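S.K.: Take a look at the letters that make up each chain.
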Amino acid sequence: MSFQNTTSNLDYNHPIRSPSTVMKLDRLGSFHQSRLSFTRRLIDDLKYQKSKIEIYQWDIDNSGIGSAIIKLALKKETLSLVIFCHSINDEERTDRVIAEKWDMTFSLFKGIPNKNELNQLSKNLIIQESGRHNSKQLTLSRANKSQRIFEKVLNDLSIGKQPSEKLINDVGYLVRTTAVYGNGKFGIEDFSKTNGHIFLQKPFQAEMLTVYLVRYFSIELINFLAKKKGGKKSVILSKHLTKHLGVGNATGLGMAPFLVNHQELIHQWIYNRETAISRVFSIKRLNKKTQNKIINYIHQAFKYSLQWKVDDKLQSKKIEKLNSDLKKILQNEELTKLLNFDYPIKRFFNFFKDDITLETQEMLNSIFIEPFPELLEDLINNMGAEEKKSVFISYTVNDILDIIKDNFNWAIKIDTSKPEENYCFWYTSQTKLEPRLGITKKDAGIEKQLPFDIAHQIKQAVNTLNKLPSNMTAAEVMINHPELRNIIKRVIINKSMPYSEIQNNLIGKDMRPIDILRCKLSFFGASKFDPKSNLWTRITLFQGAPLPNELWKKNINDWLFPNLSNV
Amino acid sequence: MISVSLNEIYSETYKALRSVNIEWSLAKDSANKAKWLVQHGQNFLGSILKTADLYQKKEITISINENTNKKPLASALIGLLLVEYVSANKITWEGYIDNSKFLLAAMGIIAEEQQINLILENEQKEIIAFTKEKKIYVNSNLDTKVTSYSYLKTYDYIEEKNTKFTSFKKNKEVTNLNDKCWERLKSMAFETYVPESETSKSGAGY
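Heads up: the protein sequence lines correspond to chains A and B, in order.
Under the numbering used here, the residues of the first sequence are numbered 11 to 577, in order.
Under the numbering used here, the residues of the second sequence are numbered 886 to 1091, in order.
Think of the hints as simulated: they come from the structure by calculation, not from any bench.
Quick caveat: nothing in here was measured; it's all calculated off a predicted structure.
Just so it is clear, CB atoms sit at the ideal spot from N, CA and C, and this is done for glycine as well.
Treat the hints with caution; some may be incorrect.
Said to hold, decoys possible - Calculated lysine-lysine pairs in the DSS-like style (CA-CA distance at most 25 angstroms, straight line):
(1) B/1055 to A/399
(2) B/942 to A/442
(3) A/34 to A/442
To be verified - To spell it out: a stretch of chain B is covered by chain A in this simulated footprint if at least three of its residues, at any positions, have a beta carbon under 8 angstroms from a beta carbon of chain A; those stretches are:
(4) 906-912
(5) 956-966
(6) 979-990
(7) 994-1005
(8) 1036-1042
(9) 1065-1071
With the hints as constraints, model all of the structure from the sequences given.
M.R.: This is the structure:
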């Protein structure tokens, strides 16, 4: 064990950071993957389940077209990833959710599909959202081959050569998903119906499992095709390159409303993360082994930052600064001394925090919690939340105004009459029903905007509430002013779940949706954020993660900030 | 018939109601009640379509004070607010209510989430339903579909007499709905979507 007598070593409770510090988009948009991320938890769960992953059916031809089934045997149930590979032209291969054709389509299936079920899947998976799906399907997904790398890797392997490490590192994946739908979308199984399936009832477990199996499939596929193409000359991808391949994902605004619509869940994720940070800040002493671990993680993060290349100018600058911050930390002569003091992690962070960027601060926070899985177990296993449909009845006008005063000062401060605070609006587009941002003064459709103008709604509520008797119940206010129900419900939830609200104007000119996406993706466990604009990003999932045949190994879930040593 | 998920029921229902300008929160409350009904083996779809229709024709109201036999309170829309109001203010509400099965859903929801004991009676003061310890019990002899004059209140003690009450059973089966009605709901939901503008496409990876 890397850390001994954890409980006795916590003789003080470091205060958890306040929502006003954490719930700002610039900080949320600086989060990195951590021990709490869902990809990490999935690997732990797969290991605990003594999972066996194998190819159950393989009907792929020499050109990579056909179908396959990957079987996952868990302790008490069997799941499978059903895969169809299609032939598409290069110009039809687009990242965006609006695409109509894909190289591969997938579904995570309960059990193994029979012939009829497979037949149904073959007709419906290919058309994704336009198909009709059933309750044995847990997810619905699709992916494209990376045009930058897939053919090159295939050619290299077929002539007996390993692909360049730089190429593998620069791209990081062979295939890139453009959507992974779960929770009842298009007729698939509802998340709420996974009760009783211990393995599946954690948030996004089915989606993450799908991606993990897609990664396995992509590697099996390239090795298979290389052999078909090169015959005896061919080689399979080396283990260390294989491990450095994840699955790419292109994510746009579709993900953003989730954090606004699921207050309880976002609170739970962020509160748990902050609790984890406060716990490690409360540790009194670190033994030498753990000190070294932390320093090693910083070295790892430094190498990762050197290998994190993006085209986006702003993100490039952030990475550059991250790199120089980490270098400065590693070169600081006080480093070892700091970790030897009482409350070393707190001291370490406070020593550097004023001179480093948010990007570096949040990377350090991911590093700090990494060596202490035993200290976080309850948090890791409690990332779900029950969402209430009713509003708690015990609140009065006075209570609501008090909560607004205490928790929504950020909203009160915004001058909602200014044009820049009414710059854009969120709507659901007719194209694939995806959320989009319109420009208020330019685009049609504001009358159909989604209710994400939280600051504006707060002000409207205050105006009305100030005119009502202070002891009137919130329920009476809402039944007489149904237009305030949405915001009063949010305010009441925020009282007990203070990390449930992003503290920025989501329709303001300064708002960067990419920050919302990154926050959510960090909880998924994404790495190598590669923004393509303020509205969408590419990421990599499971880069550096153990392969299915390694899941039994000790300390296998130790893959924070993966990098290749020879790049 | 078409099989649909609970998630689809929720999202298509609230969007459909938004298309007839029903407040966001009321539309979402309705969608939650619809989901609850489905989870308890009850139909919802025809009633939701009818509610949207009556709301547009102004033949139902969301006012707890100004309801009449001809213009009853829309329990599909206001049911959850009503049970919260009665529970918070500990009052007896009385009035005309449309399609009270949505009120039963609201009572069921608040019982599950806040364990509040509520009782719903008809004009003859017969118990239509009551909640107790997270569950709702319904008088199976009374029709809840029609408009009726009703009383809703909290209670400390209830005398069940000889009436037979049954609790709704959780439905774990796949939900099959009339496909024409479902398509109508979906086409209403579609009305809430906006054609994508060129500005919103720019930078979004097109």
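S.K.: Residue count check for the stretch 994-1005 of chain B against chain A: does it reach three with CB-CB under 8 angstroms?
M.R.: Check passed, 5 qualifying residues.
S.K.: Are residue 1055 of chain B and residue 399 of chain A close enough, with their CA atoms no more than 25 angstroms apart?
M.R.: Given that 25 angstroms is the threshold and the Cα spacing comes to 17 angstroms, the pair holds.
S.K.: Run the distance test for residue 34 of chain A versus residue 442 of chain A: straight-line Cα separation, threshold 25 angstroms.
M.R.: Not satisfied, since the Cα-Cα distance of roughly 30 angstroms exceeds 25 angstroms.
S.K.: Per the coverage rule (Cβ-Cβ under 8 angstroms, at least three residues), is the stretch 1036-1042 of chain B covered by chain A?
M.R.: Per the Cβ count (0), the hint is violated.
S.K.: Verify this for me: three or more residues of the stretch 906-912 of chain B with a beta carbon less than 8 angstroms from a beta carbon of chain A.
M.R.: Coverage by chain A holds here, the residue count being 4 at a Cβ distance below 8 angstroms.
S.K.: Can you confirm whether the C-alpha distance between residue 942 of chain B and residue 442 of chain A stays at or below 25 angstroms?
M.R.: Not satisfied, since the Cα-Cα distance of roughly 31 angstroms exceeds 25 angstroms.
S.K.: Check whether three or more residues of the stretch 956-966 of chain B sit with their beta carbon closer than 8 angstroms to a beta carbon of chain A.
M.R.: holds (count 3)
S.K.: Take the stretch 1065-1071 of chain B, compare each residue's beta carbon with every beta carbon of chain A, and decide whether three or more fall closer than 8 angstroms.
M.R.: Three-residue rule not met by the stretch 1065-1071 of chain B, so violated; n is 0.
S.K.: Are three or more residues of the stretch 979-990 of chain B within 8 angstroms, CB to CB, of chain A?
M.R.: violated (count 0)
Hint check: violations occur at hints 2, 3, 6, 8 and 9; the rest are consistent with the structure.
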